[in-house]
Amino acid sequence: MEAQQNKVIHPHSQDVILQADYIAGLAKGLHILEAFGVDRQRLNVTQVAERTGISRTAARRHLKTLKFLGYLETDEHYFWLTPRVLRFSSAYLSSAHLPKVAQSLLNLLCAQTSLTFSMVVLDEHEVVPIARSYLPQQDQFRVNPYGMHLGNRLPAHATSTGKVLLAALSTEAQHAWVEKYGLKRLTPLTITDKNQFYAELDKVALSDYCLSKEEHELGIIALAVPVLNAQGQTIAAINCMSQSNRTSEEYLIQQVLPLLRHAANELRGLI
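Each residue of the sequence shown is one higher than the one before, starting from 1 at the first, in my numbering.
Worth flagging that the hints you see were computed from the coordinates, not collected in a lab. The beta carbon of each residue, even a glycine, is placed where N, CA and C say it ideally should be. Keep in mind that a hint or two might mislead.
[Unchecked claim] In the PhoX-like style, the derived pairs of lysine-lysine whose C-alpha atoms are separated by at most 25 Å in a straight line are:
(1) K180 to K194
(2) K194 to K184
(3) K7 to K180
(4) K203 to K28
(5) K67 to K100
(6) K213 to K194
(7) K203 to K184
(8) K67 to K28
(9) K180 to K203
(10) K64 to K7
(11) K64 to K100
(12) K213 to K203
[Said to hold, decoys possible] What follows is a set of in silico ranges between Cβ atoms, one per label pair, in the way DEER data are often shown:
(13) Q254 to I9: 17 to 25 Å
(14) Q254 to N44: 22 to 30 Å
(15) S13 to K100: 21 to 29 Å
(16) L69 to Y92: 31 to 39 Å
(17) L135 to P258: 33 to 41 Å
(18) Q254 to S55: 31 to 39 Å
(19) A230 to E179: 15 to 23 Å
(20) G37 to K194: 31 to 39 Å
(21) K194 to T57: 23 to 31 Å
(22) P258 to A230: 29 to 37 Å
(23) S13 to F68: 14 to 22 Å
(24) V38 to S13: 20 to 28 Å
(25) I9 to N195: 50 to 58 Å
(26) G25 to L169: 17 to 25 Å
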């Protein structure tokens, strides 16, 4: 966090809070919890200090406190998250309005096409699924793309939903985002050239949908459209995913895109 006179500026959202209202200890504790992830499930004190930018002494105290509160477990060398942290995500998913209104529409889309559908929001450099289609009679036979479970985080630049959400930003915001987070190559088809990526976002903004094939995961094709609120602001995206050897681009554009757009329009009236 950047301190400026009597104010603190959030590095990502640029929100401002008075220094007197800012609890640094709470912020550090939450930052430590956010340091853990799919690629960093077990961390020691030194690694946490490096990832969060605090001293080893402070990192050790925060880790021990979080362990005492039940959010971390340890073998006295490494620390890892416990199921207690799911209280936050489950509370959000059970109380937030957006996942609730989307669920029935996602299930309907799944029943109509036998594909997997999700609603996703942007969080800094990643997209987070907050609702996913579920039909018991179909899900037991369906192979889902890697990481498409609720609350997981996926790189925005390499996903259909991420590009839809980034396309809704201003040109200045898009450039700032790319400069901050970069365009990491995840497969041979990931777009890593900045100018090509900006051109792709322009194309997405113009067509109002994004078709992404094997950019995040080989063998997976996805189609996404934006979800707008009553003020015309893009607040989420919905998409469908399938194995690329089972579903063609033509089928997605001709058959699924109209269904996605209709669902997005329905959601706009419910939000």
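Here's how the hints hold up against the structure:
1. K180 to K194: With Cα atoms ~12 Å apart, K180 and K194 stay inside 25 Å; holds.
2. K194 to K184: Status holds; Cα separation ~11 Å.
3. K7 to K180: 23 Å, holds
4. K203 to K28: Roughly 40 Å between the alpha carbons, so the hint for K203 and K28 is violated.
5. K67 to K100: 33 Å, violated
6. K213 to K194: 18 Å, holds
7. K203 to K184: At roughly 21 Å apart (the allowed maximum being 25 Å), K184 and K203 satisfy the hint.
8. K67 to K28: Satisfied, since the Cα-Cα distance of roughly 15 Å is no more than 25 Å.
9. K180 to K203: The given pair, whose Cα atoms are some 22 Å apart, holds under the 25 Å limit.
10. K64 to K7: 30 Å, violated
11. K64 to K100: Roughly 36 Å separates the two Cα atoms, so the pair is violated.
12. K213 to K203: 15 Å, holds
13. Q254 to I9: 17 to 25 Å: Given range 17 to 25 Å: violated, Cβ gap about 47 Å.
14. Q254 to N44: 22 to 30 Å: Given about 53 Å between the Cβ atoms, the range is violated.
15. S13 to K100: 21 to 29 Å: For K100 against S13, whose Cβ atoms are near 25 Å apart, the range 21 to 29 Å holds.
16. L69 to Y92: 31 to 39 Å: 19 Å, violated
17. L135 to P258: 33 to 41 Å: 21 Å, violated
18. Q254 to S55: 31 to 39 Å: 58 Å, violated
19. A230 to E179: 15 to 23 Å: 32 Å, violated
20. G37 to K194: 31 to 39 Å: 26 Å, violated
21. K194 to T57: 23 to 31 Å: 40 Å, violated
22. P258 to A230: 29 to 37 Å: 22 Å Cβ-Cβ, so the 29 to 37 Å window is violated.
23. S13 to F68: 14 to 22 Å: Violated - the Cβ-Cβ distance for S13 and F68, about 30 Å, lies outside 14 to 22 Å.
24. V38 to S13: 20 to 28 Å: 23 Å, holds
25. I9 to N195: 50 to 58 Å: 30 Å, violated
26. G25 to L169: 17 to 25 Å: For L169 against G25, whose Cβ atoms are near 33 Å apart, the range 17 to 25 Å is violated.
Going down the numbered hints, you'll see the structure goes against 4, 5, 10, 11, 13, 14, 16, 17, 18, 19, 20, 21, 22, 23, 25 and 26, while the others check out.
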